[in-house]
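Construct the complete structure from the given sequences, taking the supplied hints into account.
Here the working numbering is used: the first residue of the sequence shown is 48, the next is one more, and so on.
Hints were generated in silico from the structure; no laboratory data involved.
Heads up, a few of these hints could be off.
The following label-pair restraints were derived from C-beta to C-beta distances [claimed, not checked]:
{"#": "1", "residue 1": "Gly-351", "residue 2": "Glu-386", "range": "19 to 29 angstroms"}
{"#": "2", "residue 1": "Lys-122", "residue 2": "Ala-86", "range": "33 to 43 angstroms"}
{"#": "3", "residue 1": "Thr-126", "residue 2": "Gln-288", "range": "19 to 29 angstroms"}
{"#": "4", "residue 1": "Arg-87", "residue 2": "His-228", "range": "47 to 57 angstroms"}
{"#": "5", "residue 1": "Pro-287", "residue 2": "Gly-218", "range": "35 to 45 angstroms"}
A virtual CB, placed ideally from N, CA and C, is assigned to each residue, including glycine.
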Amino acid sequence: MSEGAVLHLKGRVLVGPYDVRDELWVVDGRVTFERPAMARDAMTVEGWVLPGLVDAHCHVGLDAHGPVDAATSEKQALTDRDAGTLLIRDAGSPSDTRWIDDRADLPRIIRAGRHIARTRRYIRNYAHEIEPEDLVAYVAQEARRGDGWVKLVGDWIDRSTGDLAACWPAGAVEAAIAEAHRLGARVTAHCFAEESLAPLVEAGIDCIEHATGLTEDTIPLFAERGVAIVPTLVNIATFPQLAAGGEAKFPRWADHMRRLHARRYDTVRAAHDAGVPIFAGTDAGGSLPHGLVADEVAELMKAGLPAVAALSATTWGAREWLGRPGLTEGAPADLVVYETDPRADVRVLAAPRLVVLRGRAIG
Numbered sequence: 048m049s050e051g052a053v054l055h056l057k058g059r060v061l062v063g064p065y066d067v068r069d070e071l072w073v074v075d076g077r078v079t080f081e082r083p084a085m086a087r088d089a090m091t092v093e094g095w096v097l098p099g100l101v102d103a104h105c106h107v108g109l110d111a112h113g114p115v116d117a118a119t120s121e122k123q124a125l126t127d128r129d130a131g132t133l134l135i136r137d138a139g140s141p142s143d144t145r146w147i148d149d150r151a152d153l154p155r156i157i158r159a160g161r162h163i164a165r166t167r168r169y170i171r172n173y174a175h176e177i178e179p180e181d182l183v184a185y186v187a188q189e190a191r192r193g194d195g196w197v198k199l200v201g202d203w204i205d206r207s208t209g210d211l212a213a214c215w216p217a218g219a220v221e222a223a224i225a226e227a228h229r230l231g232a233r234v235t236a237h238c239f240a241e242e243s244l245a246p247l248v249e250a251g252i253d254c255i256e257h258a259t260g261l262t263e264d265t266i267p268l269f270a271e272r273g274v275a276i277v278p279t280l281v282n283i284a285t286f287p288q289l290a291a292g293g294e295a296k297f298p299r300w301a302d303h304m305r306r307l308h309a310r311r312y313d314t315v316r317a318a319h320d321a322g323v324p325i326f327a328g329t330d331a332g333g334s335l336p337h338g339l340v341a342d343e344v345a346e347l348m349k350a351g352l353p354a355v356a357a358l359s360a361t362t363w364g365a366r367e368w369l370g371r372p373g374l375t376e377g378a379p380a381d382l383v384v385y386e387t388d389p390r391a392d393v394r395v396l397a398a399p400r401l402v403v404l405r406g407r408a409i410g
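If you want it as structure tokens, here you go:
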């Protein structure tokens with residue numbers, strides 16, 4: 048499809064879970080529901096149309112060892128794009144990926160800057176590793192560098208106890224979150240354990256990544272405050288392997304990780320039932336490959352989310368949460384076409400028929 052060409056999408060256009068149109072047009076890279084004057088020359092594609100998928104926890108520019116070069120970052124972004132992921136919330140990366148914004152063929156990225164972790168309390172080469180007295184300054188720095196988000200490491204293994212433990216004193220994190228909000232940024236945090244959650248929510252945090260430590264005591268607090276979670280279930284699936292690798296040195300931690308893994312679906316289902324906002328994220332770019340968003344949606348359904356809720360976690364709801372448009376009049380044409388109704392079987396997300404990014408058909 049050449050630049051400036053008109054694209055006509057027919058079939059079922061899922062503007063929302065229950066707002067279904069018969070067709071839309073892509074003209075000058077934007078969505079319109081009005082038949083254009085040049086309609087006779089349009090390329091027509093039939094199918095089920097969704098807004099471009101969202102991976103709300105992804106790391107472009109990062110692998111298991113730290114930052115990667117531009118060629119590797121490009122390959123990561125292309126893999127996500129070809130899987131239908133056209134909007135990424137990059138939940139922490141040490142690489143400068145701003146050049147991706149100038150590429151019309153790569154997904155749009157909302158960056159959270161670089162992870163901010165406690166000294167020697169996170170994966171090597173990933174984060175700024177600091178002490179609590181510097182937290183406000185580093186949060187301010189990453190708020191200015193990011194695209195409206197800052198990423199903290201809320202808990203990690205404490206080698207002195209041999210188990211997961213919170214990283215920050217309540218006062219330090221409360222001041223840091225207040226500073227991020229003053230600068231117009233939202234704050235999220237990596238959290239596996241139980242004890243780190245309530246202090247972060249009470250400090251005003253906006254989102255928690257993974258959230259495996261949610262319990263019947265903290266779920267109502269999340270629901271009351273409207274704090275979102277991104278469960279990254281495809282990543283939580285690796286907990287038994289991680290536990291086996293660290294059991295000899297940290298048996299207490301290994302047992303804890305296995306217990307968090309064993310109740311992962313119950314945790315997510317209970318959060319959904321309580322009204323906690325849930326969004327789809329894969330945690331790709333660390334030890335996991337890119338392009339797994341369809342797998343994560345399937346995992347959310349396995350946890351008990353209805354199909355429409357699981358789809359919304361990567362489409363309509365996720366875009367609204369991140370402040371990006373979906374299939375609305377005049378919006379940039381970022382969309383995906385499928386052979387069958389994804390509400391009937393979310394597994395169809397793994398096989399997009401056509402990806403349209405910034406108004407251009409990719410394949």
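Q) Taking each numbered hint in turn, which are not upheld by the structure, reported in ascending numerical order? A) none
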